[in-house]
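Visitor: One letter stands for each residue in the lines below.
Protein chains: 2
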Amino acid sequence: MEMTNKATWIWYPGDYEIWLGNQMNNRRTERGAFFPPFWKMDSHYVTVEFSKKLDLAEPEEIFIAAEGKYNVKLDGKLQFGMPERFQLPAGKHSLNIKIWNQATPPCLYIKGKTVNTDDSWKVTYEDKEWIDESGKASDTSATVYMDAACWNFNDPSQRPSLFRLNRVAQQSVGKKEEKDGMLYDFGKETFGYVVLENLSGCGRVNIYYGESPEEATDMEYCETLDHLQVEGSRVTDLSVNETSQITGNYTLGNSKAFRYVFVTKDAGVQLGDVSMQYEFLPVDYRGSFRCNDEELNRIWNIGAYTMHLTTREFFIDGIKRDRWVWSGDAIQSYLMNYYLFFNSECVKRTIWLLRGKDPVTSHSNTIMDYTFFWFMSIYDYYMYTGDKHFVSQVYPRMQTMMDYVLGRTNANGMVEGLTGDWVFVDWADGYLDKHGELSFEQVLFCKSLETMALCAGLAGNADDVKKYETLASNLRARLMPAFWNAAKKALVHNRFDGKQSENVTRYANMFAVFFGYLSDEQKEEIKHSVLLNDEVLKITTPYMRFYELEALCVMGEQTEVLKEMKAYWGGMLREGATSFWEKYNPEEKGTQHLTMYGRPYGKSLCHAWGASPIYLLGKYYLGVRPVKEGYQEFAVSPVLGGLEWMEGSVPTPNGDIHVYMDGSQIKIKATEGKGYLYIASQQLPQASAGNVEELGAGKYRLWIDTKDEVVVKYNV
Amino acid sequence: MEMTNKATWIWYPGDYEIWLGNQMNNRRTERGAFFPPFWKMDSHYVTVEFSKKLDLAEPEEIFIAAEGKYNVKLDGKLQFGMPERFQLPAGKHSLNIKIWNQATPPCLYIKGKTVNTDDSWKVTYEDKEWIDESGKASDTSATVYMDAACWNFNDPSQRPSLFRLNRVAQQSVGKKEEKDGMLYDFGKETFGYVVLENLSGCGRVNIYYGESPEEATDMEYCETLDHLQVEGSRVTDLSVNETSQITGNYTLGNSKAFRYVFVTKDAGVQLGDVSMQYEFLPVDYRGSFRCNDEELNRIWNIGAYTMHLTTREFFIDGIKRDRWVWSGDAIQSYLMNYYLFFNSECVKRTIWLLRGKDPVTSHSNTIMDYTFFWFMSIYDYYMYTGDKHFVSQVYPRMQTMMDYVLGRTNANGMVEGLTGDWVFVDWADGYLDKHGELSFEQVLFCKSLETMALCAGLAGNADDVKKYETLASNLRARLMPAFWNAAKKALVHNRFDGKQSENVTRYANMFAVFFGYLSDEQKEEIKHSVLLNDEVLKITTPYMRFYELEALCVMGEQTEVLKEMKAYWGGMLREGATSFWEKYNPEEKGTQHLTMYGRPYGKSLCHAWGASPIYLLGKYYLGVRPVKEGYQEFAVSPVLGGLEWMEGSVPTPNGDIHVYMDGSQIKIKATEGKGYLYIASQQLPQASAGNVEELGAGKYRLWIDTKDEVVVKYNV
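Chains A and B, in that order, are what the protein sequence lines are.
The number in our numbering is simply the position in the first sequence, starting from 1, with 134 added.
The number in our numbering is simply the position in the second sequence, starting from 1, with 134 added.
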C-alpha cells in the first residue's frame with residue numbers, strides 16, 4: 135500500500151499488473167518463434183471511473199494526465215473536453231474521471247495543492263448509475279468500488295504503460311573462434327539484449343545463445359537464437375519481420391538469457407565487438423548472510439543472484455526458457471524475497487497476474503497444486519508484510535477461485551485430476567501416479583481452505599470465515615483416515631476407488647509436517663520412514679527440495695540439512711553453476727546436466743526455485759520469522775547447525791533484524807517490532823538484559839528491546 | 135454464417151464485435167465531453183489460437199496475414215518467426231496459429247490454393263495443452279474450441295481493425311445568418327462529419343448541432359457541439375486536444391447527428407462553405423411497401439430512413455444522443471430489419487456486443503427487461519434466418535446470462551428489482567410502479583425461459599431443454615394466479631408482498647397476447663378493458679406502441695391500427711419530422727416536442743424504435759412471416775385494414791416474397807421456401823391454381839409454388 139500523499143499514477147487493482155504480465159509472458163521465444171502461454175490471458179477493464187470526495191478549504195487548480203480518452207465530472211456534471219488543468223471550487227464536491235483505453239490500462243494522474251491521485255481514490259468498472267423515470271440518477275449504491283492501485287510512478291511523464299526495467303552496458307569477458315563463428319563468454323549467467331557493435335555490410339548474422347558453451351555452439355539444438363538480415367544501415371530481425379535503421383551499433387529487440395553467445399555471419403557483414411545491455415529490476419539487497427563456511431557463503435550469494443535474475447516485472451520461473459510466471463515457482467520466490475529484497479510490490483504484482491480475471495476457467499497455470507500455492511501465498515504475504523489492505527482487495531478473486539475448486543470436488547469433498555486439470559506435484563526421475571485422490575493435493579487443498587478462512591476474517595467477511603472453517607475442518611478430519619498407513623508409518627501417495635495405494639512419496643508427508651497436520655509421534659515416524667529414507671523416491675528438483683529441507687528444519691535437523699545444502703547446491707557449484715538450476719541430479723554427469731524435457735539444452739540453468747538456501751538460512755539458521763503480521767511480533771530461534779559462526783540480516787517492513795551467533799553468544803538487533811528469542815535454561819544466567827519469560831519445560835523466551843542490541847552469552 | 139470457401143479474415147466469435155462495439159459506444163459526446171456507457175465494457179481475448187486439420191493432395195504454399203504477433207505450428211512443431219509465406223506438405227497435418235494482440239482483436243487471414251481461413255477453422259483462448267512428466271503434450275481434449283467467426287473482410291489488406299463505414303460528401307440545402315453566426319440546413323435528419331471548407335486565419339470556431347433549428351442556435355443548451363482553435367493551417371479540436379495540419383478543408387474527427395449546424399467564429403477566421411461527409415452502412419433495401427395511401431407510404435419511407443440512420447456498425451438507439459447499443463431498442467431494430475434490409479451480420483454483431491463477456495455482473499445495459507429481450511431476440515433471429523449455427527455459438531453465453539437471472543429470483547421463482555437492477559419498462563408520462571413483482575417482467579422472464587429451452591434444443595443440449603422447460607412451465611403456471619384480476623379483466627401491473635396492486639397498465643397485457651399466454655376469452659376481454667381503453671395510462675413512446683399495435687394486429691384489428699399509425703406517425707410527419715422520434719405525445723405542442731430528461735433538446739428525433747410501421751406493415755398487412763426457421767416454410771395472411779391496395783416485398787434469406795393485394799385479388803410470388811396463403815371459403819373458387827388444404831371451420835390454406843406467381847381472385 136502506497137502511504138505517501140504525493141501524487142502518483144493510479145489504476146484499477148490488478149489491471150496494470152495483468153497487462154504488464156502479458157507483456158512479460160509474451161516475450162518467450164523458442165528458436166526464433168513467438169511462444170505465448172497456453173492458459174487464458176486476461177486483460178484490463180477498458181473503461182473505468184476514478185472518483186474522490188473532496189472537501190476543500192479554498193479553490194484549487196489541478197493538473198490532470200490520463201492514459202486514455204477521458205472525461206471529468208464535478209458533482210455529476212460533465213465538463214467540456216479533456217481538460218489538462220481544472221479549477222476545483224472550495225467546499226464539498228465529488229470529482230469523477232472516466233477513462234477509456236483499449237490498448238493499455240486506463241491510468242490517472244492528478245496533481246494539485248491538496249488533491250492528488252493516490253490509493254485513497256476509488257475506482258469502478260461499472261458505475262451502475264442510471265436514470266429513473268423522473269430523469270435523475272438513482273441507486274448508485276449498487277456500484278462496487280475498489281481502492282485505486284498504484285506503484286511508484288510519481289511523475290506525470292512516467293506513464294505506467296511506458297515502464298521499462300533498467301539497463302546497463304556490459305562487455306564479454308572473453309571470446310574465441312569456434313567452427314565458423316565467434317563464441318563470446320559473459321562470465322556468468324546473465325540476461326539482456328545483445329549489442330552488435332559497428333555492424334555494417336550486407337548479409338545474414340545469426341546469434342545462438344547458450345547457458346553453456348555446448349548450447350551456444352549447437353546451432354541445431356540451442357533453445358534460443360536470432361537471425362538478422364543486414365543491408366547497410368537497415369537491419370531486419372527475421373523472427374519478427376522488424377526493420378530498424380542503425381548507425382553503428384545494433385541492439386537486439388528482445389532480451390535473452392545466456393552466458394555464452396555464438397555469432398556467425400556472412401562474409402559481406404562487418405561486425406565489431408559483441409556486448410550486451412544487462413537488464414534488471416532495481417532492488418535493495420536488504421537481507422544478508424555470512425558464516426565461517428565459504429562454500430555456504432557462495433551458495434547464498436549465487437542464490438541471491440539467481441533471485442535477482444528472476445525478480446523482474448514479476449517473479450518468473452527461469453530466465454532462458456519459459457520466462458513465465460508460474461504460481462508454484464512464485465510462492466517460493468516470495469518466501470526467498472522476504473529474506474532478501476523484501477520487494478512487496480513485485481509480490482503483489484505477481485499475485486494479481488497469476489489470478490487474472492473472472493471467470494475462472496482453469497487452475498492457476500492450469501495446475502491444480504499451483505492454485506493451492508496461490509491461496510497460501512496471500513496469507514504468507516500478509517504475515518511478512520502486515521498488508522491487510524491487499525488481502526481485502528484480492529479477496530473477491532480468492533472467493534471465485536475457491537468456488538472453481540469447490541465446483542470440482544468429488545463425493546468425498548476431495549480434489550482429483552479432472553479433464554483440464556494438470557496434476558503436477560514435481561518433475562520426478564521416476565513414476566508419479568497422478569490418478570485418484572493424491573494425498574499431496576488434499577493437504578494443499580486443506581491448507582488453502584484454512585487460508586480462505588483466515589483471509590475472509592481479514593476481509594471482514596464473517597460468513598465466509600465460518601463457511602471455510604467448516605470446509606477445512608471437514609477435510610482435515612478426513613486426511614488421516616484416508617491416507618495414513620500405520621504399517622508404513624507414512625501418508626501414502628494416493629487413494630483410488632477408496633483404496634489406499636502401496637506407494638509412499640515424500641510430498642504429502644513433508645507438507646503435513648510444517649502444516650502441523652501430524653502428531654509429534656507421526657512426525658518422528660515420518661522423519662525416518664520417509665524423509666531420511668533413501669528407499670523413497672528421491673527429489674531431484676530444488677523446487678521440492680525446498681519443502682523437504684524445510685520439513686527437516688522444522689524438526690530441528692539443521693545439521694543434517696546443512697550437509698544436504700553443501701552436497702546439493704555445493705554440487706551445482708562444483709559443476710560450474712553461476713546461478714542455480716531447474717533440476718539437479720548429482721548422479722548425472724557432464725552434458726547430462728543440460729538436458730530436460732527430452733531436449734539436449736531443455737533445462738534452465740537459472741531457475742528461481744533453485745535459490746531456496748536464501749529462505750532456509752534466513753528462517754531456520756538465523757531463525758527469524760514473523761509471529762504476528764508484518765513483524766509486529768517476531769521470533770528469533772538461531773541454530774548454527776554445525777557452523778562455527780554466522781551473521782546476517784532479515785528485512786522487516788520498515789527495518790531489519792540483525793542476528794549474530796557463534797558457540798558462545800547470540801547478538802540480536804532489531805529496528806522495529808517486538809520480538810523474542812527462544813532460549814534454553816543453560817543460556818539464562820548469561821542473558822545480558824531484558825524481559826525473560828518462562829515457558830515451562832526448561833524453556834524461556836527473552837523479549838527483545840528494539841532500541842539496543844541484545845547479547846545472550848552461553849555457558850560454553 | 136459465411137458460406138463461401140474463399141479466404142476471409144477470422145477471429146474469436148464475439149471478440150471483434152465487442153471491440154468494434156467499444157469503438158461505437160465510446161463515440162457519444164455531450165456538449166464536447168466524452169460520454170462512455172456506464173455498464174461494464176468487455177474486451178477481446180488477447181491471445182487466441184486458430185487451428186485447422188488439413189488433408190492435402192499435394193504440397194501447397196499459403197500466404198499468412200495476422201493482426202498481432204503470431205506463431206505457426208505444424209503438427210505441434212513451432213516454426214521460425216512470423217512467416218508471411220509457408221509451405222504446407224501433402225498429407226494429413228495440423229496447422230495451429232497463435233496470435234497475441236492487446237489493442238485490437240487477434241485476427242487471421244490465410245490464402246492458399248485449397249487452404250483458406252473461413253468459419254470452418256477452430257479457435258480457442260486457452261489451449262489446455264501441457265506437458266506431462268514424460269515431456270509430451272497430453273489431454274488436449276480439455277480445450278474448448280469454437281468455430282472461428284468472420285464477416286466480409288475477404289482481402290488481406292482489409293484488416294478488420296481498420297473497418298470504417300462508408301462516407302459521401304453532401305451539401306447543405308440552405309443557410310441563413312442568425313445571431314452572430316450562420317445556420318446551415320441539410321434538409322433532413324442526417325449523420326456524419328461536418329466539413330469546414332477553405333478554413334484559414336486565426337481564432338475560434340464553434341459548431342452547434344441541432345436536430346431542430348431551435349437546438350442548433352441555442353448555444354447554451356444544444357446537446358452536441360464542437361470548439362476548434364484555428365492557427366493558420368493548424369486546427370485543434372479542443373474537446374479531444376487533437377491538432378491537425380490542414381490544407382483548405384477541415385473535416386471534424388467525430389461524427390454527429392443533425393439537420394442543422396450553427397457556426398460562429400472569431401473575426402480572424404476565414405471560412406468558406408460548410409458541408410458534410412454523410413456516413414452510412416451500405417445496406418440493401420430488400421423490403422418494400424407501397425399502397426394507395428400516400429401518408430402511409432411516407433411513414434414507411436421515413437421509417438426506412440430512420441432505420442438506415444440507426445443501422446450502423448450495430449443497431450443503435452438514436453443517432454444524436456446515446457448512439458449506444460441498447461437491448462430493448464435493438465430487438466425492435468432486428469424485427470424491422472427482417473422486413474427491410476435483412477442484414478443478418480448486423481443482428482449477430484449486436485447480439486454479441488450486448489452480451490459481452492463473462493462474468494455477468496449486471497443485466498443487459500443494467501436493465502432487467504433488456505436482458506429478457508436479449509434472449510428473445512436470438513430465437514427471433516433463428517426463425518427469420520434459419521441460422522442454427524449462430525444459436526449454438528452464442529448458447530454458452532445464454533446459459534451464463536440465465537444463470538445470472540436465476541440467481542436473482544425470489545422465493546416465488548419470480549424476478550423483482552434488486553439493488554443494481556434497472557427496472558425500465560418504458561418512459562411513461564405518468565407514474566409506473568417498479569416495486570415488487572411486475573407482471574411485465576414475469577411475462578418476459580417466462581418467454582425467456584421458453585426461449586432457453588428452444589435454443590438449448592438447437593444447441594443440442596438435451597439436459598438444458600428439460601431444465602428450462604420445467605422452469606418455464608412452473609413460472610407460466612404461476613402467472614395467471616398471480617396477476618389476472620377477473621374483476622378488472624386484465625393482468626394487474628404488479629404484486630407486492632403477495633398482494634395484487636390495483637393498477638392496470640398495458641405492458642404485460644399486450645405481451646401476454648402475442649406470447650399466447652391468454653385464452654381467447656381473456657384476449658377479447660383485454661382488448662376492451664386495456665388496449666382500447668383510454669382510461670389506462672397511454673403509451674407515448676413508439677417503443678411500446680410497437681408492441682401495443684402488434685397485440686392489436688394479432689387480434690385482427692388492422693383497421694384500427696392503420697388509423698393509429700396515421701394519427702401517431704402521421705402526427706410526427708405533420709410536426710415536420712424527417713425521421714421518427716424517441717417519444718411523441720400528440721398532446722404536446724411546438725418546442726415541447728424537443729424536450730426530454732428535463733433538457734430542452736434532450737429528446738432524440740431519430741430513434742430506431744420510432745420506425746415500427748416497417749415491421750407492422752410487413753408482418754401484419756403484407757402478412758408475411760416464417761413458420762419454420764429461415765422461411766423454409768412461411769405463411770402469408772395479407773390484410774388491407776382499410777387500404778384500397780398495397781404491394782410490397784419481404785426479404786427471405788436468399789430471396790423474397792412479393793405480395794400484392796386489392797379488393798379483388800391477392801398476388802404472391804416467392805422465390806424460395808414453401809409457403810401458404812390462408813384463405814377463406816369465399817376466395818376458394820377463384821384460387822388460380824395449386825394445392826388447397828382444408829383447415830376446417832371454413833378456413834383453407836393454399837400452398838404456394840415458388841416458381842410462379844399465385845393469383846387468388848375474390849368474389850367481389
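Hints are computed from structural coordinates only; laboratory data are not their basis.
Do not rely on the hints blindly, as some may be mistaken.
No copy is singled out in the list; a pair is fine if it fits within one copy or between any two copies.
Subject to a maximum C-alpha distance of 25 Å in a straight line, what follows is the list of computed DMTMM-like cross-link-like pairs (lysine to aspartate or glutamate) [claimed, not checked]:
no.	residue 1	residue 2
1	K203	D352
2	K203	E413
3	K140	E827
4	K633	E767
5	K226	E781
6	K601	D537
7	K256	D492
8	K633	D418
9	K697	E669
10	K762	D842
11	K247	E413
12	K313	D839
13	K256	E194
14	K203	D371
15	K672	D209
16	K245	E636
17	K801	E164
18	K762	D319
19	K753	D598
Visitor: The structure should be examined with respect to each hint, and the outcome stated for every one.
Guide: Hint by hint, here is what the structure shows:
For a Cα distance limit of 25 Å, the shortest separation of K203 from D352 qualifies neither inside one copy, at 50 Å, nor across copies, at 27 Å. For the homomeric pair K203 and E413, the shortest alpha-carbon distance between copies (23 Å) is at most 25 Å, but the shortest distance inside one copy (32 Å) is not. Taking the shortest alpha-carbon separations for K140 and E827, neither the intra-copy value of 44 Å nor the inter-copy value of 84 Å comes in at or below 25 Å. For a Cα distance limit of 25 Å, the shortest separation of K633 from E767 qualifies neither inside one copy, at 45 Å, nor across copies, at 60 Å.
Taking the closest pair of Cα atoms, K226 and E781 never come within 25 Å of each other, the shortest separation being 56 Å inside a single copy and 65 Å across copies. In this assembly of identical chains, the alpha carbons of K601 and D537 lie at most 25 Å apart whether taken from the same copy (12 Å) or from different copies (23 Å). Both within a single protomer and between protomers do K256 and D492 lie at most 25 Å apart by alpha-carbon distance, with minima of 20 Å and 23 Å respectively. In this assembly of identical chains, the alpha carbons of K633 and D418 never lie at most 25 Å apart, being 51 Å within a copy and 69 Å across copies at closest.
For the identical chains of this complex, K697 and E669 are intra-copy neighbours only, at 19 Å inside a copy versus 94 Å across copies, given an alpha-carbon limit of 25 Å. For the homomeric pair K762 and D842, the shortest alpha-carbon distance inside one copy (21 Å) is at most 25 Å, but the shortest distance between copies (88 Å) is not. Taking CA atoms no more than 25 Å apart as the test, K247 paired with E413 passes in neither setting, with 37 Å inside one copy and 46 Å between copies. Taking CA atoms no more than 25 Å apart as the test, K313 paired with D839 passes in neither setting, with 65 Å inside one copy and 81 Å between copies.
Within a single copy, K256 and E194 get their C-alpha atoms as close as 20 Å, which meets the 25 Å cut-off; across copies the closest is 56 Å, which misses it. Taking the shortest alpha-carbon separations for K203 and D371, only the inter-copy value of 14 Å comes in at or below 25 Å, while the best intra-copy value is 34 Å. Within a single copy, K672 and D209 get their C-alpha atoms no closer than 66 Å, and across copies no closer than 35 Å, so neither meets the 25 Å cut-off. In this homomeric assembly, K245 and E636 never come within 25 Å of each other (Cα to Cα): the closest approach is 66 Å inside a single copy and 57 Å across copies.
Taking the shortest Cα distances, K801 and E164 never come within 25 Å of each other, neither inside one copy (51 Å) nor across copies (69 Å). For the homomeric pair K762 and D319, neither the shortest alpha-carbon distance inside one copy (47 Å) nor that between copies (74 Å) is at most 25 Å. Taking CA atoms no more than 25 Å apart as the test, K753 paired with D598 passes in neither setting, with 32 Å inside one copy and 55 Å between copies.
In the structure shown, a violation is registered for the earlier hints numbered 1, 3, 4, 5, 8, 11, 12, 15, 16, 17, 18, 19, in ascending order.
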